[in-house]
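Trainee: Taken in order, these protein sequences are the chains called R and G. Residues in the first sequence are numbered consecutively from 0, following numbering that gives the first Met the number 0. Residues in the second sequence are numbered consecutively from 0, following numbering that gives the first Met the number 0.
No incorrect hints appear here.
No farther apart than 25 Å at their CA atoms in a straight line, the calculated lysine to any residue pairs in the SDA-like style are these: (1) R/K85 x G/P157; (2) R/K36 x G/G146; (3) G/K87 x R/D98; (4) R/K161 x R/K177; (5) R/K36 x G/M150; (6) G/K110 x R/R212; (7) G/K86 x R/D98; (8) G/K124 x R/L10; (9) R/K36 x G/D145; (10) R/K52 x G/D152; (11) G/K110 x R/R63; (12) R/K85 x G/S151; (13) G/K68 x G/D34; (14) R/K158 x R/Y203; (15) R/K36 x G/S90; (16) R/K166 x R/D190; (17) R/K36 x G/D91; (18) G/K86 x R/T25; (19) R/K52 x G/T154; (20) G/K68 x G/S99; (21) R/K52 x G/T147; (22) G/K124 x R/R11; (23) R/K52 x G/R134; (24) R/K36 x G/S151; (25) G/K86 x R/F206; (26) G/K105 x G/R134; (27) R/K170 x R/S127; (28) R/K85 x G/D152; (29) G/K86 x R/G21; (30) G/K110 x G/Q72; (31) G/K110 x R/E207; (32) G/K110 x R/Y14; (33) G/K86 x R/S201.
One-sided excerpt, in silico: chain R residues whose CB lies under 7 Å from chain G: (34) M0; (35) C2; (36) F35.
Please keep in mind that the hints were generated in silico from the structure rather than gathered at the bench. We put the CB at the ideal spot given by N, CA and C, even for glycine.
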Amino acid sequence: MLCFDPPDVNLRFPYLRRITFGYRITVGVLSQSGGFKTVRQEDLAALIPITHKLFSPSNMPNLRHLAIQDYGDGDHFETHMIILSKILPQITSLALRSDYGDAAIPENRIPDNLRHLSLASEGIEYMSLLDNGQFDLESLHLSHWDIYGDREIISRLSKIAKGEDPKNRIKRIVIYGKRKGIEVIYKDLVDDLDVFEWREASEYPPFEDFDGR
Amino acid sequence: MSSNLDSASSTQPPPDPSNLPTAIATRVPPELLLDIFSIVGNSPSKRLARHLERNRNLKSLALVHSAWKVSAQQVLQEEVLITRAEKKMASDEEVERIASLLIDSKVQRTKYLFVNGHLNQLVAKTGYAMWSQVRYLKLSKSSRNDGTTRMSDFTPFPGESFFSFPRLLEQQ
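Next up, chain G with everything else stripped away, as it sits in the complex (with noise of 0.2 Å):
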């Protein structure tokens, strides 16, 4: 057996992964592939765990084949998250820093934002236009970073669907 397969080794080398058929799995696009995975497998009920956890695998699945790599990320932006760890609120720094780091990237095809911040802090970085196809924004914290929630902040945002503002007072 061992010498069949020294045999083998030395007369076939290899197949070049360039040249083998694209199996059917990458042709697949990653956010397809991922709504197959949350509907056989218990995905988590709620929103926020259900996106953190649609997040985590597009980033794992962007790394298993090239052809991932592009709608992964397209994928990846229609949804930003600004937080800190263990739900925490991310702090006015933290915030212009994620917002440079938004810019860089280009970011503009975001319909779920969910902040965990003070919005006025984010806009007046990024500006509006990086927003401007959100449908649903989620705010854990006051708008503004004196305390104060105005409705005049949201009205830069078509809003298709709708927003909301959770646990505004927390931390406060």
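Looking at chain R on its own, in the form it has when it is part of the complex (with noise of 0.2 Å):
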């Protein structure tokens, strides 16, 4: 559990460039007796004041890429943007993964100058993302499996892949796993396949070590 104290504001990590918040990471609070608890959405309060200071371009001023893992508590990623949001706006590279199925990826909190997202997660909504979010990236990792059952989605992503969306802009759409059960399953929309970058070696994107390339 990652808890936090007072004088942590002045802890300074310069030449620090990427934090991963791995499995099971909470963020944690304290109590005066000495113990410690998960924290909750109504706790973040008294947390912001310490962690929007130590997490900031001041402390942090080289940090560039953030990966995070849902610890399949609903709001598990909104937390951790919720702590982190000084910092966001550096961070050119973000990795988000979930085993859990009900990961809610908070459009609103995507970094402003996020230039690479890689996204794992069989729970997120890629229709209502693209939708609410509106992104300018250099590129996009997904895996096969977020694409596999939904014909919409890939007919969107092939139309962003083209520079046809008139809300995102994403110049590569990587996805990882075979190209050929997809194909096989929709045999119409081969061309637009064509549009995204294949990477079979492996069926999900890089978490800890995404730096977009």
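Using the hints, put the two standalone chains together into the complex.
Mentor: Below, the structure is given as structure tokens:
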């Protein structure tokens, strides 16, 4: 459990370029008795004055890459995005991963200057994400499982990759997994699949090493 | 045939290995040889598996020829992995024991440090100077043995590149 103390506002990480919040990491609050518990959204107000100074451009001037793995408590990504919100404008690559079906990507908190996004979660509502967000990215990295059962999302992503989407601009869309499996189901979409970059050696996009390449 | 061989062996003793020209392979740094192997072979895709394979091969190569020993040892120092077999967490006693071995070996060029145990236990024994060149710190447990991880535990690591702390609460 990652816990914060008021003196943490003075911690500086001048060379730090990447933080990965991996599996089962939760944000915690310390009690006066020395105990600790997982923080809920309603407890965040007490932590924010600390985390917003700690995770800030002045304390982490070179932080560029962020990776967050969902712990399955619904608002996990949201909680991290809130405590990290001051540093988000300088983040250029973001990897979000969840093994749970109800992971909610807070599209209104996607970093403004983000260039590369890696998503791996069965629960992500891609159409909603693309409708509500307004992406301007160099690359988007997805698993083939994310588009496997959804003709609509394949067409939409294809349109984006061709530069024909009015809301979202993404130069490269990289799909991890077997193209053949998708082709067999959507024979009429073969041309659409051509506009994606395929990486078949892995079924999921990179997480802790992700930098957009 | 047999007599010819006998004759040859009696008149021409086998060459002294120390006088043989050094084989090209032994003049290649072992880490370069490993890079070549990993390109032409099927090196594991996971970072940890790659690291373990590389270290295992370096240890073997260090035994092949004395010319490889020093450079193999230097490369081995660059990556330090503290864990138990089968990815189990190293107990505080085990971390202390490994820390003592690292101190005895005067390890000081580590760039990649993986700790599947409590970081504060390791640092209490080694001090921070040993890790002054760490660029990648991966912690698989809480940094402290009370179950918490504090950002202050990471400040002494220069972390030029990045650190991560996955699976923090496992087996807590």
